[in-house]
Structures are given as structure tokens and as C-alpha cells.
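Protein chains: 2
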Amino acid sequence: MYIVKIGGSVITEKSRYRKMRENVISRLADEFIPEDSILIHGAGSFGHYIADKFNLNDGLGDSNRIEYARVALDLQELNSAIIRALIEREKPAITIPVHSFHMVGEEFPHRRFKDYMERGIVPVTYGDVVLDPRKGMGICSGDQIAFHLSKALRPDKVIFVTDVDGIYDRNPKIYGDAKLLGEVSGKEKLNFSGTVPDVTGSMEGKLRVMRAIAKLGIEVMVINGLVRGRLRRAMRGEDVKGTRVLA
Amino acid sequence: MYIVKIGGSVITEKSRYRKMRENVISRLADEFIPEDSILIHGAGSFGHYIADKFNLNDGLGDSNRIEYARVALDLQELNSAIIRALIEREKPAITIPVHSFHMVGEEFPHRRFKDYMERGIVPVTYGDVVLDPRKGMGICSGDQIAFHLSKALRPDKVIFVTDVDGIYDRNPKIYGDAKLLGEVSGKEKLNFSGTVPDVTGSMEGKLRVMRAIAKLGIEVMVINGLVRGRLRRAMRGEDVKGTRVLA
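Chains Z and X supply the protein sequences, listed in that same order.
FYI, the numbering for the first sequence is 1 to 247, going by my numbering.
FYI, the numbering for the second sequence is 1 to 247, going by my numbering.
Everything labelled a hint here was simulated from the structure, so no lab data went into it.
Treat the hints with care, as some may be off.
Identical copies look the same in the list; a pair holds intra-copy or inter-copy alike.
[Stated by the list, open to error] The list that follows gives simulated cross-link-like pairs (lysine to any residue, SDA-like), each with its CA atoms no further than 25 Å apart:
#: 1; residue 1: Lys114; residue 2: Tyr49
#: 2; residue 1: Lys241; residue 2: Glu183
#: 3; residue 1: Lys135; residue 2: Ser15
#: 4; residue 1: Lys114; residue 2: Glu204
#: 5; residue 1: Lys19; residue 2: Ala81
#: 6; residue 1: Lys53; residue 2: Lys157
#: 7; residue 1: Lys179; residue 2: Glu107
#: 8; residue 1: Lys53; residue 2: Gly120
#: 9; residue 1: Lys173; residue 2: Arg111
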């Protein structure tokens, strides 16, 4: 069993509100192997614009109630596009939005994910707004969902699909001499300067989640989804350029 | 607290696959009063075409797996249009698709509906495909959901919004002299001949659900959603043309 988390920066243009990369979505839908897999996708520019502007991470207030609803709908529409791409390729997939069943602090309900996998249907979920008992509403990132589902379902492998080749010793978008790391464990000193934390957390935070999954004894890979064939090869269990994250 | 169930024949053209009535959706979104309300919508031509053609009511098989996914996606897109119409009118609404949290035979989980109402956000759900322990997958109609939620949450009133003025003594689409009934109880002999049962059941079945809700001591109204102002007036508690369904 595999969990595939596709980052929002892969499937959307992060700098333009609600702008999908339709060709990337189509190609990744081609490469995705539906058997015994869960797909999680990020929000990219369908989520972060409004979430940042109206501080949706800080909780529900009278002035941002409509914005929670708007982000949830934007994400639902991004999700529809991804599911449509899968269905067009005869890969049955169905949405399980976190906001529809989860409350922060409660155990993450994972039973429905299993139910669909058992029926040969890919459960697809995404970083989403979520009920929160303390602050009313909040945000649950795709990375957090990957952790919750990994803990409950113990997949063989979790593949993080990003817009770079893997994890570098420094930010490759700034430093031309950044070196791709074949493996990352708790020991490396990484330089995350120049990466901008967004509402779902910093690059450091994302790596923390990956390590937490690796600690469960699960293989964790970071690969580049903008390069043709990498997702397919990783899902086939073949060797592929990227970073293996160790506990 | 109100539950409003809008029939698929109101918001879609039942004879054309995936054809919305956008002007009706906009007007009903105008009339809908979001405070302490749940909205349920039917599937209309977004659900019945494929559901009938591939016998989705009979359960999951290898040949119709993709069709369950396709119907779920079509419904998700219809739902997005309805939620968008509400949000454009500054009425915060969020989707809670039945397929994402429910399994036939288990108690219907209603907690999330309450959570959103408490936060001033309208929970919106719809007749949908659903997990079934016996036949793999099945269909859960909007009317059934109205019953489940009524039983759990005991609303003050359930309003069924249809494409006719209410319940008639015979099918008004066939008999010009059909008489609108101001009230229907268990005693009337109604003539349902000429009504075509669809995958979610016959007109008789729908009336059975309405009576079951009335038996809980809840007021049940059937009104015409194609006539301007009726939904608004019914939600305001004003007198409006239609049929009251008694146990």
C-alpha cells in the first residue's frame, strides 16, 4: 500500500490565485497507479491566498467565516479537476474531504479510506479547512493528513511529490550550488534560509512530518513531480532520483 | 432549526445529462435563510442517468466501479455550483458528502452537521453514492438523508422543495383536473399512476419518508421551488401554498 502526497506547488501555480497546471495534473494522473493507494494533494494557490489574507490558521471569527467556506469550495473545485483526470483514465477515485468528518484533537478517522481501497476505489483527500474545538476552525495540511493516515494504516511507502528533485543541503531556488541529498536523517544541518513559511508551515516543519512518518518504520521518498516518469517509477518500486527521508 | 431538501428536478433538467438550471439555483440561494439550517439537494440529471444505466442501486461490480466514481464526481460538481451560489450571497456553506463518512447500516453520523451549524456555517449534503457492507456500494437519496438527520437533530420543520405546488390527489403532470391537497395524512387514497419510479424510489416511497419524518413530531411541508418567493416565505414561517404532510 502506498500513500502519495502531491504538493500544491506541483499542481497549481503558487503565484496566481486558483491557477491549475492542467498538463501536470493530466500527466500525474497518467502515472498514478491506483491499486491499493491513497492520494493526498495540497492546496497551492487554491488555498494559500485566502488562508494567508484572512488568517484562517488563527481561527474562526465573524469576519472570516465566509472565507473558510470560500477556501473549502476552492479546494473542492481543485479536487474535482484531479479526480476527473483520474476517472478519464479509468482510474476510479472518490473524494474524502477532511472537513467533512474530522475535528482537530479527535483521533483521525481512517476507516473510510480503507473501505474504498478494499473496493478498488482510490480515496483522494487534500489539505483543507477543518473543525477545531478550541479556535472554531483551522487548517489541516496535506502533510499532516499523510502523517495521520500513515500512523493508522501503515503503508509500505509514502511518496512526497514536490516541484524540486528532493531535499537539498540549501534552498535550490536560491543557491545554484545547492546539493541534492540522496538521504536525509536527523543528523544533517540543513539551511532553509530563503524558504518562505506559508500557512501550512515551513520547509522545516514539512521535513519534521516526513521524519515522523519514517520513525513509524515506513519508507519515505521525496521526488520531483514536474519530471515525467518519476512518480510512475517510484510507485512501481523502481529506483528514482530523489531523497529518502530517514527517522 | 430547519432542514431544506431541494429536489433534483428543481435544480437540474431531468431529461438532459448534467444540465443545471442556473437561474433557479441562483434564486433559491437568494431565498435560502442560512441561520440554523441544513441544506440537502437531490441529484437530478447529475445522478440518475448513470445510476440507472449502470444499475448502481444493485451494488458494486467490476463493470460499474468507475461509474460509482463518475456519479460521485458529477454530484460533487453540482454541489459546488450550489455552494458557490450561496457563498456569492455571503451565506457561508460547506459540503458534507455522505459517501465520505457514512456506511449503510451504521448509525448516521450527524455530529459534523451540528458542528457547522454552531459555527454559523450551513452544512450542505446531497443524495449520493454510499458505502454498503453487503453490496459494496449503493445509493443514499436526499430524502433518506432528510429522514436520518431529522431523527438525529429534531428540526422544527423539514421543507421539501419540488417542481410542483405540493402533493396532488393524482399526478398533476398527466391529469389536468388533479387537485392540490393542503394536507396529506395516512388516510388519503392517492393515485400515483404515471409517475416513473427512479433509482431513488417512487413518489410513494418519497411520501413514505415524509410521513416517517412527520411521525417524529416534526412539521413537514412540500412546496414549489420554481415559484419565486415560496422557499423564502416557508423559511420565514409564513403561510405558503403547498402541502403539509401529517403522520
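Could you figure out if lysine 179 and glutamate 107 sit no more than 25 Å apart (CA to CA) within one copy, between two copies, both or neither? neither (39 Å within a copy, 54 Å between copies)
For the identical chains here, do lysine 114 and glutamate 204 meet the 25 Å Cα criterion within one copy, between copies, both, or neither? This pair counts as neither: shortest intra-copy Cα distance 30 Å, inter-copy 36 Å.
What label fits lysine 53 with glycine 120 when the C-alpha limit is 25 Å: within, between, both, or neither? between (39 Å within a copy, 21 Å between copies)
Should lysine 173 paired with arginine 111 be assigned to within, between, both, or neither, using CA atoms and 25 Å as the limit? Answer is neither: 39 Å inside a copy and 45 Å across each miss the 25 Å cutoff.
Can you give me the call for lysine 241 and glutamate 183, within, between, both or neither, at a CA distance of at most 25 Å? within (11 Å within a copy, 70 Å between copies)
Check lysine 19 against alanine 81 for me: Cα-Cα at most 25 Å, and say if that holds within a copy, between copies, both or neither. Result: close both inside a copy and across copies, 12 Å intra and 19 Å inter.
Within a copy, between copies, both or neither: which one fits lysine 53 and lysine 157 at a CA-CA cutoff of 25 Å? neither (35 Å within a copy, 38 Å between copies)
Can you give me the call for lysine 114 and tyrosine 49, within, between, both or neither, at a CA distance of at most 25 Å? Neither: 32 Å inside a copy, 28 Å across copies.
With identical chains, the pair lysine 135 and serine 15 could be close in the same copy or across copies; at 25 Å between alpha carbons, which is it: within, between, both, or neither? So lysine 135 and serine 15 fail the 25 Å test inside a copy (29 Å) and across (46 Å) alike.
Hint compliance for this structure: hints 1, 3, 4, 6, 7 and 9 are not met, and every other hint is.
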